[in-house]
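Student: Can you join these two chains into the complex? Each is in its own frame, and there are hints to help.
As given, the protein sequences belong to chains A and B, one line each in that order. When the letters of the first sequence are read in order and numbered with the working numbering, they come out as residues 1 to 436. When the letters of the second sequence are read in order and numbered with the working numbering, they come out as residues 1 to 156.
In case anyone wonders, no lab produced these hints; they're calculated from the structure. Treat the hints with caution; some may be incorrect.
Here are some of the chain B residues that sit facing chain A, going by a computed Cβ distance under 7 angstroms [said to hold, decoys possible]:
1. Y63
2. Q65
3. T80
4. N81
5. A104
6. E106
7. A117
Calculated pairs, BS3-like style, for lysine-lysine (alpha carbon to alpha carbon, straight line, at most 30 angstroms) [as the list claims (entries may be wrong)]:
8. B:K141 <-> A:K283
9. B:K141 <-> A:K252
10. A:K28 <-> A:K13
One side of the interface only, derived from the structure: several residues of chain B facing chain A at Cβ under 10 angstroms [as the list claims (entries may be wrong)]:
11. G88
12. G101
13. G122
14. Y136
Just so you know, even glycine gets a beta-carbon here, dropped at the ideal spot from N, CA and C.
Listed below, chain by chain, are the residues.
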Amino acid sequence: MAPEIVFKDATTKLAEYEASGGYTALAKARGMTPQEVTDELIASELRGRGGAFFPTGRKWSFVPSKDQIPKPHYLVVNADESEPGSFKDNEILSRVPHRFVEGCLITAHAIDSKHVFVYIRGEYEGPYEILVGALEELKDRPEIRGDVTIVVHRGAGAYICGEETALLESLEGKRGQPRSKPPFPAISGLYASPTVVNNVETIVTVAPIITMGAAEYVKLGVPNTRGTRVVSLSGNVVNGGNYEIVPGMTIKAIIDELGGGIAGGRELKAVVPGGSSTVILTKDEVDVGYDFDSLSAKGTAMGSAGIVVLDDRCCIVQLGIRFSEFYEHESCGKCTPCREGTRWLTAILRKLEDGRATQSDLDLLLDVCDRINGKCLCPLGDSDAIIIASYVAKFRDEFQAHIDEGGCPFGGESSLDGVLAPIQMHTHSPVAVVPA
Amino acid sequence: MSTLYEEIQEIRARYPEDVESAVLPALRRAQEEHGWLSADVIREVADALESTPAYVHSIASFYDQFHLAPVGEHLVEVCTNVSCALVGAQQVLEALESGLGCHAGETSADGKVTLRAVECLGGCGWATIVAVDDHYRTHVKPDDVPALVEELAGGA
Numbered sequence: 001m002a003p004e005i006v007f008k009d010a011t012t013k014l015a016e017y018e019a020s021g022g023y024t025a026l027a028k029a030r031g032m033t034p035q036e037v038t039d040e041l042i043a044s045e046l047r048g049r050g051g052a053f054f055p056t057g058r059k060w061s062f063v064p065s066k067d068q069i070p071k072p073h074y075l076v077v078n079a080d081e082s083e084p085g086s087f088k089d090n091e092i093l094s095r096v097p098h099r100f101v102e103g104c105l106i107t108a109h110a111i112d113s114k115h116v117f118v119y120i121r122g123e124y125e126g127p128y129e130i131l132v133g134a135l136e137e138l139k140d141r142p143e144i145r146g147d148v149t150i151v152v153h154r155g156a157g158a159y160i161c162g163e164e165t166a167l168l169e170s171l172e173g174k175r176g177q178p179r180s181k182p183p184f185p186a187i188s189g190l191y192a193s194p195t196v197v198n199n200v201e202t203i204v205t206v207a208p209i210i211t212m213g214a215a216e217y218v219k220l221g222v223p224n225t226r227g228t229r230v231v232s233l234s235g236n237v238v239n240g241g242n243y244e245i246v247p248g249m250t251i252k253a254i255i256d257e258l259g260g261g262i263a264g265g266r267e268l269k270a271v272v273p274g275g276s277s278t279v280i281l282t283k284d285e286v287d288v289g290y291d292f293d294s295l296s297a298k299g300t301a302m303g304s305a306g307i308v309v310l311d312d313r314c315c316i317v318q319l320g321i322r323f324s325e326f327y328e329h330e331s332c333g334k335c336t337p338c339r340e341g342t343r344w345l346t347a348i349l350r351k352l353e354d355g356r357a358t359q360s361d362l363d364l365l366l367d368v369c370d371r372i373n374g375k376c377l378c379p380l381g382d383s384d385a386i387i388i389a390s391y392v393a394k395f396r397d398e399f400q401a402h403i404d405e406g407g408c409p410f411g412g413e414s415s416l417d418g419v420l421a422p423i424q425m426h427t428h429s430p431v432a433v434v435p436a
Numbered sequence: 001m002s003t004l005y006e007e008i009q010e011i012r013a014r015y016p017e018d019v020e021s022a023v024l025p026a027l028r029r030a031q032e033e034h035g036w037l038s039a040d041v042i043r044e045v046a047d048a049l050e051s052t053p054a055y056v057h058s059i060a061s062f063y064d065q066f067h068l069a070p071v072g073e074h075l076v077e078v079c080t081n082v083s084c085a086l087v088g089a090q091q092v093l094e095a096l097e098s099g100l101g102c103h104a105g106e107t108s109a110d111g112k113v114t115l116r117a118v119e120c121l122g123g124c125g126w127a128t129i130v131a132v133d134d135h136y137r138t139h140v141k142p143d144d145v146p147a148l149v150e151e152l153a154g155g156a
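Same shape as in the complex, but just chain B (with noise of 0.2 angstroms):
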């Protein structure tokens, strides 16, 4: 059992300059083991690259995937960009707000889920393209909501 420290030791290895190359898969590694990337994570990220708390934060800041607060266990992030929203995607979004409770781009009350419209999942002729947890669920219908919530209640 490799610590994140060595981890992002064999990460930068890979990379054939000495130069910050791994700081994205390091921040994604940390993310997996934290599930946000907190000050103390940044730092930690920062110690192990040997770059600065200041640096790495302000990589993070700029990438749309990495969470700069907590998040629930669940990711739900709908794409509502043009094809997607051409057949449907707000109201899957909304159908998603009422089954969790909760508006996109905030976490249901018990923790468990946090919703997200997001751009371009890059699916868009499979529309409506719903990312859970990274995995894409393609064709996605208002009616399809309440399965998807049910499952994200059950599931760990």
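If we strip away everything but chain A, and leave its shape as in the complex, we get (with noise of 0.2 angstroms):
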């Protein structure tokens, strides 16, 4: 059984929080000087949970004094989960939203902030409650709080603010458009200030680490993936849902033991590891470890930790458009490659679908996913090359077959036949039709 760190003694109330040693880590955090707070979290080996696993306290160690930039530090957590595949924070706030508000409190203590925006996703109606329940709790405690401040800002429904940069655009009442890097946010981020930006697992991380020091945290989990973390199962997979693991467990290991196997007795084809942006792994490949080593030298990555299980009535070609339809609705149009990108792949890979498709379309495809990769100041539309790519790459038979057989193979048996996206109801500007 795994041990839980995240979920541990999972509950919303103040109450039943401090019962169970709530809040303690935080009083020994503050007993603490930052930069011991800081170098915990080094030795912890904590990366963060948000997608990019960029080391935790070394983020923390890279804002500048006060006497070298003399303007306030931020901390903003970035709670607007959007990624296909990923629900973790969604249940984390929902679940253990003190154990959140500790974790803001001492990352706050620990880079010298008073001011704590929590910018959650527009559509969490539920965990935005409760994290505002909790925050209500702490009204009449003081000492808990300190001279912290905690703003909890929702956003309106843009995935692209997820992307840091976008997200403090968007906090700063802009649209959110990524930015260009560097300065990077720990110098000049929320307005223009030293500002950290974590993932909503990654904060609630930090209170454990205080509590159980980093040397009895590293203790899990396999080299360069510590701790736990809270993977996301949906898909054809019989129990969908969080689950907290010690990394290094397999995928087909989290699907059998954790998911209940595939749903309905159908046959495993494919599993999107970490959320849609990551490299697709066939059925022969999901025995490999989820730790970021592992899924490395599989040339994928966990990502947001989103697992979607694909059972073999999954035509690929018709996953494709999905994802590449999601990221033509999601991209900003800041960037022409992604802007006009991504919808070229959607077109393209509606040709396949649809029998119009010859042999060259197939280069075509590959071509304009080169064309997108690494050319713009943000990941969304690489994710989208990168994904597609894949497909073509460990699927390649299937897309020749929608060639040569003039259309979808599956004949209207796939799972994701003619599923209607957003982008199909409406456009945000007209443009012209990419040709047919």
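Tutor: In structure tokens:
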């Protein structure tokens, strides 16, 4: 049985949280210098749970002193969870809001910040109400709050705001469009001040690390992926849901032992391992440890830990269409390769699916991927390009069959057949149609 | 009973720097009050923020949750991203279309319900997710739709 760190003694009530030792890590941390807290996080080897996997303590250590840059420091928590397949932060905020708040307050101490902003996606009405309720409970507890103000800022429906610089733009009341980096947020982030941006799961892990000590925390997991990880399991699996695992457990075991196997007695076809933006794994590749190094060796990543299970009814071209429609819809429009390229990817995949494609369209598809990848300010367009290229690389026969057979070999029986995507309901601006 | 103008001033006070940070919460509050963001409402928000209608409209048009056209009394949003689609989101959407008598992206003839297909709502393991007035219903099946349609017709 995996140890629980994130979800241990889950409660939304302050009294119950305190009864199980809640807010003692905060007291302990405040007895330490900010540098000592940061050093403890560095020693814990905790890496960011939002997707980029950057070492958390090191990120904190990049914040300059107020002598170097005499401006306020800000902590911004990224609760804009919008990656298809990922829903862990939803459950974390809903079940352990006080552990989350405690993590915010410890982190604020570590980076010498008096202002915390929690940017929560606008659709998360339920988690928002629970978080606000937890903060209400602290109104009469100045010894916990200290001199830190926590503002919960609601997004309004834009995947791109999960990208940290787009999130900062949005928080400043602008359109959520990524900034050019450098400068990185640690130097010039919110209101051009030194800012740390951390994911919800990262922050909720801070208090347990202070309580148990980095030395204990690093005993869990495998090299480069320590502690626990909350994995979101969905798709054609019996028991979808969030599971807190110790990294190194295989994807196969996560699906079979935690998820109860493939639903309806079907066969596994493939797995999206870390949210929509990660390179697909075929059924022959899933006996792989769910950790940074093992997945890197397979050319993919944990990302935001959303595992989407696909059974044998899934047409991979349709999978590509649906995800590409998502990226097309969510492209902020700032960088041309992404704005135009995601639309082209969708259109070419649609030609394949409809049986209008010729052999050269397959080459064109990969060419468009190349023309997006690495050419934009943020990874949104890259994600579309990388996953589509991986679908072609690993399921080339299926793409070829769409050309050879003049349409979808599933003949309308694919599990993703005829799905209406929001991009089909409207477009943000009238633009020329991609040539048929 | 405070006015929208006063509420927006309270929202502005939450942010330490005098930039436009209050625009998203201000638009959300305005939409809660008026249902959708007409040109008049955009102007009202802009005035309260000491900004311009053009700027505020440029923000409102960027984010999916802001309505720049009238919507029904209730908003029903069906996630049709992959995890939900794999377990039948399209069938749920189609059941709602026939139950409400309108297509996704439209409002029912009686003006009561607006139906939308939306991108991932972040509840993938509990698919299909249907958000009814922002509150998530989980594990929704086509068979659940008639009761939901009735509930929407009966409620205020």
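Student: So, for every hint listed, does it hold in this structure?
Tutor: Hint by hint, here is what the structure shows:
Interface hint at B:Y63: satisfied, since its Cβ lies 4 angstroms from the closest Cβ of chain A, which is below the 7 angstroms cut-off. Against a cut-off of 7 angstroms between C-beta atoms, the interface hint on B:Q65 holds, since the closest Cβ of chain A lies about 4 angstroms away. Using the Cβ-Cβ criterion of 7 angstroms, the hint placing B:T80 at the interface with chain A is satisfied: the shortest such distance is roughly 5 angstroms. The closest approach between the C-beta of B:N81 and any C-beta of chain A is roughly 5 angstroms, which is under the 7 angstroms cut-off, so the hint is satisfied.
Taking 7 angstroms as the C-beta contact cut-off toward chain A, the hint placing B:A104 at the interface holds, the least distance being around 6 angstroms. Given hint, B:E106 at the interface with chain A, is violated; its Cβ is 9 angstroms from that chain's nearest Cβ, farther than 7 angstroms. Taking 7 angstroms as the C-beta contact cut-off toward chain A, the hint placing B:A117 at the interface holds, the least distance being around 5 angstroms. Distance check on the hinted pair: B:K141 and A:K283 sit about 28 angstroms apart at the alpha-carbon level, within 30 angstroms; holds.
Proximity of B:K141 to A:K252 is assessed by CA-CA distance (about 28 angstroms); at most 30 angstroms being required, the pair is judged to hold. As the CA atoms of A:K28 and A:K13 are separated by approximately 21 angstroms, the hinted pair is consistent with the 30 angstroms bound. Against a cut-off of 10 angstroms between C-beta atoms, the interface hint on B:G88 holds, since the closest Cβ of chain A lies about 9 angstroms away. Given hint, B:G101 at the interface with chain A, is violated; its Cβ is 17 angstroms from that chain's nearest Cβ, farther than 10 angstroms.
The restraint placing B:G122 at the interface with chain A holds, with a minimum CB-CB distance near 5 angstroms, inside the 10 angstroms limit. Here the hint on B:Y136 is kept, as its CB sits about 6 angstroms from the closest CB of chain A, short of 10 angstroms.
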